[in-house]
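**Student:** Heads up: the sequence lines are chains A and B, in that order. Per this note's numbering, residue 1 is the first one in the first sequence, and the count goes up by one each step. Per this note's numbering, residue 1 is the first one in the second sequence, and the count goes up by one each step.
Derived by calculation from the structure, the hints in this document are not laboratory data. Small disclaimer: the values here were computed from a predicted structure and weren't measured. Any given hint might turn out to be false.
Copies of the same chain are indistinguishable here, so a pair counts whether it falls within one copy or spans any two.
[Claimed, not checked] DSSO-like cross-link-like pairs, simulated, lysine-lysine; straight-line CA separation at most 27 Å:
| hint | residue 1 | residue 2 |
| --- | --- | --- |
| 1 | 45 | 194 |
| 2 | 82 | 194 |
| 3 | 115 | 82 |
Number of protein chains: 2
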Amino acid sequence: MQQAPASFIAPQGGIDRNDPRPLHRQVYDALLASIRDGKLPLRGKLPSERELVDLYNVSRITVRHAVRELIQQGVIHSQPGKGLYVAERGGGFELQVLKSFTSIAIANRRSPGHKLIEARIVHAPLEVSRPLFLAPGAEVVLLSRLRLLDNIPAVVQTDWIPVARVPGLLDLDWAVANRSLYAELRERYRIHPKRGQTTLSARLATDEEAAMLELPPPAAVLTVDQIAFDDRNRPVNLTALVHHPARYPLTLLQSESGDFTQY
Amino acid sequence: MQQAPASFIAPQGGIDRNDPRPLHRQVYDALLASIRDGKLPLRGKLPSERELVDLYNVSRITVRHAVRELIQQGVIHSQPGKGLYVAERGGGFELQVLKSFTSIAIANRRSPGHKLIEARIVHAPLEVSRPLFLAPGAEVVLLSRLRLLDNIPAVVQTDWIPVARVPGLLDLDWAVANRSLYAELRERYRIHPKRGQTTLSARLATDEEAAMLELPPPAAVLTVDQIAFDDRNRPVNLTALVHHPARYPLTLLQSESGDFTQY
DNA sequence: TGACATGACTGGTCATAACCAGTCCTATTG
DNA sequence: CAATAGGACTGGTTATGACCAGTCATGTCA
């Protein structure tokens with residue numbers, strides 16, 4: 001008989017019937033926290049689904065919902081007939097899907113920060129107005145920052161947000177090194193991005209980018225362009241990222257959602 | 001009252017109780033096919049979940065399972081209180097998660113192909129043996145190919161596969177332009193990759209790569225390194241891809257799985 | 001001693017049933 | 001005529017209960 005896993009995962013740990021979050025989300029968060037905190041070792045075995053049902057006093061459908069999310073995120077994997085196991089993580093940065101620079105940094109025990117490059121209202125060029133469904137030349141907030149990991153330049157980030165959605169955004173002092181744009185969107189403007197479309201490519205760094213990222217030219221950079229939409233399917237912003245390839249590679253964990261055909 | 005969607009999605013369309021695939025997978029495939037074939041227009045509205053229940057004669061849990069997958073793949077999106085909508089797709093290549101070069105090409109109506117660069121058995125260098133959990137110097141099959149889209153060079157792909165798992169793989173003539181490594185793994189060796197770990201970065205192309213991809217040096221390339229594991233969690237292969245940035249950018253569709261925090 | 005059957009597990013699938021909060025049209029009311 | 005209150009929908013969440021195929025340790029039989 002395997003030892004009661006209650007010592008690893010607090011019984012009722014974080015499951016609160018009055019919590020506004022859905023139960024499956026709470027289970028997801030509780031399990032993820034246990035794994036991230038190292039209470040469950042890498043390659044370790046999780047309690048079985050039916051044990052989790054008893055631990056958290058929720059139905060199996062709820063447990064399975066949480067488990068499915070964790071599998072799809074690549075955090076755990078399942079072996080039918082055997083159990084659930086914590087996935088070993090790769091060497092570099094631990095990302096699942098593309099996530100917040102800030103949250104990634106914290107998850108990797110690096111301290112995030114930024115230096116302001118530019119913050120003003122501009123008329124959107126066509127390559128910005130089109131994906132945001134705006135009229136050409138419409139006013140957008142331009143926010144350009146050099147993002148730092150432990151004070152080391154890692155990414156050049158430029159955001160464009162329609163002015164209409166974020167009145168007064170530039171009243172804030174964006175030179176403050178730890179201000180988070182997305183926290184501002186959430187808390188001040190109640191804008192919650194729900195889905196996004198991301199394009200990855202590579203190109204040679206411009207002289208300015210190379211200088212900021214401390215790359216000797218000619219240098220290759222990884223580019224990530226993302227359009228985000230809110231829960232009503234309205235475009236929220238356009239983000240362009242220019243990554244230092246060595247200081248900030250990206251890692252994806254994939255799993256058996258649908259077909260896992262490969263290259 | 002909205003018109004019966006039965007004209008768009010064949011009633012019982014593809015749902016077969018004797019099909020070995022799970023019901024939710026069949027529903028997923030049927031809906032995906034309807035969308036891909038254009039029976040359901042972009043930004044169009046899908047039948048409601050309860051209508052799908054009647055259409056396919058399955059329970060709502062099954063329909064929701066399929067719907068959840070499609071949402072997570074970014075194919076559709078949901079608006080509570082309103083309905084399910086086909087997601088508009090972006091300009092470039094339509095990828096969801098990283099998928100088969102061959103299947104991506106076909107989905108984008110481009111014809112895939114390859115030119116053989118190298119196919120032989122080598123002793124694995126450390127950077128290959130480590131991720132594959134092999135002893136340093138263990139024998140691996142090296143397969144290096146220049147992949148083509150409509151006969152235009154797009155990606156340099158190099159695979160390493162432990163010899164022990166694929167005896168006789170090199171007996172085949174890999175110079176044949178349309179042979180698929182993963183079809184071979186599936187059909188001949190019954191190896192089914194289930195999950196993978198992918199690292200994306202950028203670097204300057206080597207002279208050979210630049211020449212093959214028809215890029216004038218100095219040129220930046222997008223690199224994708226992937227380790228795949230099978231359903232028993234054994235490493236299957238290591239793939240290194242070198243992408244022509246303009247001919248083969250990558251697109252990801254993300255959705256509200258877990259937290260959609262951003263950069 | 002070795003091969004085999006058993007049974008207690010595991011995750012995977014599917015059904016039925018209910019309630020909630022949000023959307024949207026419609027009919028009633030002021 | 002405008003504001004409001006229903007009611008009929010939507011997807012989102014959760015419960016209970018059941019069966020399947022695979023894994024694995026154990027005990028039995030040859």
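**Student:** Checking each numbered hint in turn, tell me which of them this model violates, lowest number first.
**Tutor:** Checked against the structure, the only hint that fails is number 3, while the rest are satisfied.
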